[in-house]
Amino acid sequence: LGAPTKARAGQASDDRMVLEGVPGHAGGRLVVALRSEPKTLNPVLAVDEPSREVIRCLSADLIHINRASLKTEPALAKSWNVSRDGRQYTLQLRRGLRFSDGAPFDADDVVFSFQVYLDEKIDSTQRDLLVVGGKPITVVKVDQYTVRFEMAQPYAAAGRLFDGVAILPRHLLEASYKGGGFSEAWNLSMAANQFAGLGPFRLKEYVPGQQVTLERNPYYWKADRAGNPLPYLGEVMFLFVPSEDAQVIRFQAGDTDALSRFSSENFAVLQKQQGTKGYHLDDLGPGLEYNFLFFNLNDLGAKNLPEIAKKQSWFQDLRFRQAVSAAIDRDGIVRLVYGGRATAIWDQVTPGNKLWVDDKIAHPKRSVERARELLQSAGYSWKNGALVDPRGKAVEFSILTSASNAQRTKIATIIQDDLSQLGITVQVVPLDFHAMVDRLQSSYNYEAAVMGLVSGDADPTSEMNVWLSNGETHLWHPNQAKPATPWESEMDGLMEKQLVTLDYAKRKQLYDRVQEIVAEELPVICLVSPNILVGAANRVGNFRPAILVPYALWNIDQLYVQ
Amino acid sequence: MKVESNLNSGRTEPLLRVTGLSQQFVQRRTLSRSKFTVNAFSDVDLALFAGRTLALVGESGAGKSSLARCVALLDQPTAGKIELEGRDLLALGRKALIPIHGQIQMIFQDPTSAMNPSRSAGEIIAEPLVVQGEGTKAQRRERALHLMEQVGLDPRSEGKRPFEFSGGQRQRLAIARGLALGPRVLIFDEVLSNLDALNQSLILRLLADLQRSHSLAYLHVSHDLRLVSEFADDVALMCEGRIVEQQDARKLFESPKHSYTRDLLATVQSVDSILLERSA
Amino acid sequence: MTHRQKLVGALVLLAAFQFLILFAGFFAPYGFAAQDREQPFAAPTTVHFWDTQGHFHLRPFIVDSESSEARVYPVRFFVSGTPYKIAGIIPAQVHLFGVEQPGRIFLMGSDAYGRDQFSRFLFGGQSSMLAGLIAALLSVSIGILVGGIAGYYGGWVDELLMRGGELFLALPWLYLLFAVRAALPLHISQWEVFLLLVSVMGLIGWARPARLIRGVVLSAKQRNFVVAARGFGASDAYLLRRHVLPQTYGVLLTQMTLLIPQYVLAEVTLTFLGLGVGEPLPSWGTQLASLQQFYVLSSYWWMFLPALLLIPLFLVFYAAADALQEIHKTVAL
Amino acid sequence: MRDCWARPVGDCLETLLAVKNLNVAYRSADGSTQVAVENASCEIGAGEVLGLMGESGCGKTSIALALLGLLGAEQAQVSGSIQFRGKELLTMGEREMREIRGSGISMVFQEPGIALNPVMRVREQVAEVIHAHKQMSWEKCQEEAQSALVRVGLPDTPRIFSAYPHQLSGGQRQRVTLAQALACEPALVIADEPTAAVDARSQQELLRLLQQLQREMGIAILMISHSAEVQARLADRLMVMERGRIVEQGRFEELYRRPSHPCTRAMLRAPMAADDAEELDFATVT
Amino acid sequence: MTRYLTRRLAHAALLLLAVSVFSFALLQLAPGDFFAPLKLNPQISARTVEGLRAQYGLDRPWPVRYGHWLRGVFHGDLGPSFAYNSPVAPLLAVRARNTLLLTGTAMLWAWLIAIPLGIVSAVRRGKWSDRAGGVVTSALLTIPDLVLFLAILLLAVRSGWFPTGGMVSTAFGELSGRGRAMDIAYHLFLPALALAIATLPALVRHIRSAMIEVLQAPFIRAARAHGISEYRVLLRYALPVAANPLISLFGFSVATMLSASLLVEVILSWPGIGPLLLEAILAKDVYVVLGTVMLSSVFLVLGNLVADLLLFAVDPRIRMES
Ligand SMILES: Nc1ncnc2c1ncn2[C@@H]1O[C@H](COP(=O)(O)OP(=O)(O)OP(=O)(O)O)[C@@H](O)[C@H]1O
Ligand SMILES: Nc1ncnc2c1ncn2[C@@H]1O[C@H](COP(=O)(O)OP(=O)(O)OP(=O)(O)O)[C@@H](O)[C@H]1O
Ligand SMILES: [Mg+2]
Ligand SMILES: [Mg+2]
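Protein chains in written order, with my numbering: chain A, 99 to 660; chain B, 1070 to 1349; chain C, 142 to 474; chain D, 1050 to 1335; chain E, 4 to 325.
If you're looking for bench data, these hints aren't it; they were derived computationally from the structure.
The structure presented is a predicted model; accordingly, all values stated were derived computationally and were not measured.
It is possible that some hints are incorrect.
As the list claims (entries may be wrong) - The following label-pair restraints were derived from C-beta to C-beta distances:
no. : chain 1 : residue 1 : chain 2 : residue 2 : range
1   : C       : Q159      : A       : Q519      : 25 to 35 Å
2   : B       : S1284     : D       : A1078     : 35 to 45 Å
3   : C       : L237      : E       : L32       : 40 to 50 Å
4   : A       : A476      : C       : I329      : 43 to 53 Å
5   : E       : T5        : B       : A1165     : 34 to 44 Å
6   : A       : K408      : E       : G107      : 54 to 64 Å
7   : C       : W297      : B       : T1205     : 32 to 42 Å
8   : C       : V298      : E       : T5        : 16 to 26 Å
9   : C       : V235      : E       : G107      : 53 to 63 Å
What the hints assert, rightly or not - With a cut-off of at most 30 Å between alpha-carbon atoms, the simulated BS3-like pairs for lysine-lysine come out as follows:
no. : chain 1 : residue 1 : chain 2 : residue 2
10  : A       : K176      : A       : K320
11  : C       : K226      : A       : K491
12  : A       : K481      : C       : K226
13  : B       : K1229     : C       : K226
14  : E       : K130      : C       : K147
15  : E       : K130      : B       : K1229
16  : B       : K1104     : B       : K1150
17  : C       : K226      : A       : K508
Just so you know, even glycine gets a beta-carbon here, dropped at the ideal spot from N, CA and C.
Starting from the given sequences, assemble the full structure and let the hints guide the process.
The structure is reproduced here in structure tokens:
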């Protein structure tokens, strides 16, 4: 019954999505370097960035966040409407679309995909996003091209949920899903014809350790305004170049066409030759990453860590945290660690997040004097230049950082030097990331740590777990049974509320208050947000990098080479 | 064939007795199949008496050195017994052998390779004393210098390394070292071969004096029959790994029994007779 | 020049170097942690004797051209500055030379935090030399012991020890380092952490020297002079000590001269894996480790200066080992 | 220096090697030098056997090494003049010298135990010498080597040929070095105690071999030996050294009968003159 | 000989077993597992992380996991890679081949360069050429490998003579058989050279020191006395006697065939085991690490066995005790 309809829909070219932008030339190859190999091409299982980077080129989602505007736009769903209570989303799918192997796409694929994502046995990391109000979203096929999603509670940013949830080809994956072999499905040892997706490209060849080559998907569903089918590029090649420096060098040598995720120092090096070599660089300003210092505020009663517990009396003292914040030279960090290509911040929302940034937050200058005053008012004093607390104990603590992240270690070193001017002795303890996570999340055996978080999305909903007191990544004191402090309790309320509020202005008000609390109570002392730096060969057309991942290749379907 | 030894009839017990001693070498290479078995010597009986010198004479390759090494407890024989005053030495453990080594000393045929090239002459001579824990450092040095003098080496050269000596000097160095401990049994393996006539007699006289004063037993491997006739009390003749004749020296030179012995003695000529022959 | 003289010469040079390092506080104009955030990656300061008019000044001076109007700071000697401790005990604050604040003299340029590379080099020597020596000595001495015994006794002892060595070589020790680092208490000082890690590395590095030595010993114990010494009743320990192991001198010394630089620089790899010396503690390894960043390598030539200074140092080690080997000449027979 | 210089016997013999005022001084580790040979001069004619005797340590080996240019500059200081077939050896280049070594002048080393490569089979060691001087395939060299070994009286067994030096007896090793020295029919053989380690019978055989080579091929020999009998058998002329100097030189028989220098007397006569040895008359023993 | 070999192989099997047990234990020593970093992702719940851990059995005690792994090994299964969702063995196989190509070439070059260099500096000991060699080796020792490789990469870029990484050109697919071989050789040159240069100083110094000792031996003088050409004296007479420590080193060369090139591979993006291993180490993808460790152990055992056999073969005085 479905087949003839589908065949007819195949000719319905009106369902193609038409993109604005400069029409480009068809053909050519774009070469990009990846820091490591993709581990799998299975969108359900991929947890690492390189895999996702490749998968993004191979697949498509229902509703997409436009990286340039940071707003949602139609993708496989050409339109959608929301029920009045905000709990039902009905999506109209584009008709006549085909997977890259030529098989038709319809609502069954969508239902299948969400079934897989939501399957508890598969432990997809995306599942957690699709659980709203404690209950998984339900998916109902209304007709062949209509699906309805239902949520347990209204969800403010529901449209954004669909971004990155790649729609899977039921005809290829259902067997392995039913047969229980899904966890190994679509790993890279499979032949190229076993894969299919709705993305602009499809897999051509994978050479272990060396490269993945993608070729143009002839069935892709977008076209430019002149009516030419997209994508323009004939091939995309991902080379595996394991070190950043090697990536930079190869980009400079013209081996690769685009570059993102590199340090400001390398930016400076590349900048020197920008004029003579055939590439250009872009500093997109602050992204969504925020780096911060936080203290261990956990309830250590059960953990038997008396040494740290004693120090918590400092950490829990707001004036102590304020003093530390006042003493930190954020500008110094910006200059020394990021060569000026970063922005000092005082709360978690970076200036890059134009929709949510709160302009009212104060940006006090660094002031050691103020820090001293604060400490003095809290009863601290100085003995031989060393800070001692009211009980006469010298103030010293350690800062954990991830050893593999040079920047954060550098930040910690600068903080160490800054605080030494307050008479505080700080040890910087760089640990292997796993060991650090173990301390932060399980043993709570740490005093302070420098960390960074980068939101996958500009919207505050992606940060629920950080700011809710019972959140697992409520870093300074996760998984609280009930809020430990009044301000945490207020924050809980605000976060819950903004989640179900549908009006942007109201949400913004609520979230601004959260930012204020963070800036006032300093559970995390926000420090800097690095700028997003990208580079591309001059021959790449339509290159429009954005501050949301993937910074450079988000519009790969529109890129072309001259 | 085994030669009945008539040496010990009517004499005291031997200091060192060797019975039925044999040794076999297997010569092979790691990465090849070829494998040769060499019988260095077999079924050897010997007796060394205090105050007497037994000369071991024989063809080149007859097994003299191998035998000497076994008797000096430096190599494991394949079969047989070595007894020092009735004590079976081969049955002893490593520890127990240490003092025994002080009583049996051997001087190698290849003196140079038997000296640590990075030690000085003085150290080399004093080494046995160090090993056996005899004397203080000063005493040992004094003894070393004295020994150097005795074997005709300039004590001033105590600081030289073995390779800075001439061949004969190294040989004397080895002799001095062999004497250092004052052993009761001394085994010489061709120690005079590289020495000139003067030094030979110097050494021989020294050895004779020592033997007389301390009633030492000597086993002297040599091929120089003229010298053998000078210093040996008894002579054993070795041929192809076996002792073919064992005799009182004088008797042997007067009436050699074995044809090999006779052959050997026939080669000995005085300078005069050689010159006579040449001018003929 | 005889080998002894060469050795003495090398040792004197080494001692001089040690002296510089030991009194780093005096010779260095600044403390190792003193940051000048205005001047990251400053090029080495040129010390002038002639002023712009071409007049010669006995007292050298430097010119600060960074600030708006160029200022001249004369170099002063025996100035008092950052307090430090001589040999870690006696407090002092006299420095050999320095310039008046806010002028800065960076003889070898400054690093990413604007810290004086020269001062850090001197202070860094304290930990690096110690670490290099300790680790190399640990590896080599365990190597001698194990290799010597295995080669000398042969048979099952050899099998056991060598298989043990292989086991050691095969294990993923990096995880031990990770584990050690992760298990250490938070408040143990960077210095102790560093020494501990280096010692662990030294401890697990024995297998290689052990095998080298064992090979030589297998052959060395068959030398006639070893047999001869056994003939005096020498015990195994004596033979090993006096005759067998000395024949491995050449290999040992070569190993030492290779291992010391290797361990001094081990931190570079450790840093690569995030296990290096914690800031702000200086060490040669971390100074060189910054070179592994492409931008440093390609932009700041003076960051090579520490490496350049290490070349003669390692050469001196090399020369000393060479002379020792010559003095201890063992003729292979 | 007392000049003991004497012309070689038959003036008809062409001079093969002429040594003039040769000095050898060893350098020791502490920088001092020790003179081992002082102003030594001598000549050897083609096909002549020159005996060299002297007390242990008087410098015989040093002369031999100097003749072959084997004393490196860092080891010893060598001065004077050595002319071989009219060519000066001391100033000769390493390459030319190599041509002469082994095929022009060859040497039998005093201590074969340390003169042989411990990790090379003896047949190969001899073959190497042949290979160095004759244009022959390696297989051919090995065969030659084998016959050279047999010629010096080693048993003709693969066991011996494929043995390493430490698997041979002292006498066997000495024969190997002799085989090496004779392998390329050199014009002059310097034999440093070539028979010290072999038994009397073998010694006679070896000396006969040398004699035969000398007669048939005109090989000249510088025979270093402390044994008067050995010298008597071969030497045409004898040269006697004492503490680095040549003290006497002349026809063997003359020196034997009428030694003018006490040292000569001691070297040649001492065993006879020794008080108790006189009783033994070997003529009667034989 | 056969007996010796069988005994050694039996020991090797035991060794491999021990290596696997200890490695497995060591891998558990450092806190945190592969999935731990996911815990810090605000968008992934602890339940999911636990689920993933359970999927790979990481919730069970390590002896149980070890037993499971060992059973798998006997069936040719080296366990799963967490990151790749696939069995380890095929992951390793391709990359091991590439690594061996690289290290094999580099080792060959290193030895071929080091032997003459070491010999020459031993022969010309104290002369300027030897001194210059000393300076160069010291310099190479002061420059960390990582920096050396980066510098070489930089050279490749600036000069444009060499490819800047990878094993084949992007146009590899279109080449003929010969062209492909040439292409690989062209890409191989730089990393192999870099690795060879990095291993060179140690080899040269060992060779030099061993040769110096041997060149003083009297048999060398004797060989010269027989007019044997200098290069034959050095190569046929001296080198085999000096070979002892070099053979042990050679054994190590073989033993480290799989691991020596880690840094080069990372910097010059050679598709070998290095990048995989480094990533696996940092990510705690334990079975990949374990697989590599086991594979390297096999090489270690082989290398040492070869070294021992060579040792016995080259020096007849060493008795093979069997
Ligand atoms: N390690 C060994 N391996 C194999 N064969 C050996 C070994 N040592 C000695 N031989 C052989 O054993 C035999 C006896 O050797 P030995 O050294 O005892 O002879 P010798 O009587 O001392 O001879 P010479 O008078 O020449 O020194 C010889 O044929 C020799 O080749
Ligand atoms: N390498 C050396 N360094 C220092 N002195 C040496 C060296 N070699 C030999 N001598 C000394 O030079 C002198 C002559 O030695 P040479 O070897 O020429 O003696 P020789 O006549 O061969 O004695 P012999 O008959 O004992 O072999 C000796 O006194 C010896 O100590
Ligand atoms: Mg012998
Ligand atoms: Mg001599």
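Okay, C/W297 versus B/T1205 on CB: inside 32 to 42 Å?
-> holds (40 Å)
Could you check the hint for me, namely that C/Q159 and A/Q519 are 25 to 35 Å apart, CB to CB?
-> holds (33 Å)
Would the pair E/K130 and B/K1229 pass a check requiring their Cα atoms to be no farther apart than 30 Å?
-> Since the Cα atoms of E/K130 and B/K1229 sit roughly 27 Å apart, the hinted pair holds (cutoff 30 Å).
CB of C/V298 to CB of E/T5, is that within 16 to 26 Å?
-> Hint holds: Cβ distance 23 Å, inside 16 to 26 Å.
Does the structure keep C/K226 and A/K508 at a Cα separation of 30 Å or less?
-> holds (26 Å)
30 Å limit on alpha-carbon distance, applied to hinted pair C/K226 and A/K491 = holds (24 Å)
Does 53 to 63 Å hold as the CB distance between C/V235 and E/G107, or does it fail?
-> holds (59 Å)
Cβ-Cβ distance between A/A476 and C/I329: within 43 to 53 Å?
-> violated (29 Å)
For the pair supplied as a hint, B/K1229 and C/K226, confirm whether the alpha-carbon distance does not exceed 30 Å.
-> violated (49 Å)
Quickly compare the C-alpha distance for E/K130 and C/K147 to 30 Å and report which way the hint goes.
-> This hinted pair holds, its Cα atoms lying about 15 Å apart.
For the pair we were handed, B/K1104 and B/K1150, check the Cα-Cα distance against 30 Å.
-> holds (27 Å)
Determine whether the Cβ-Cβ distance between A/K408 and E/G107 falls within the hinted range of 54 to 64 Å.
-> Since A/K408 and E/G107 have Cβ atoms about 59 Å apart, the given range 54 to 64 Å holds.
Of the numbered hints stated above, those contradicted by the structure are hints 4 and 13, listed in ascending order.
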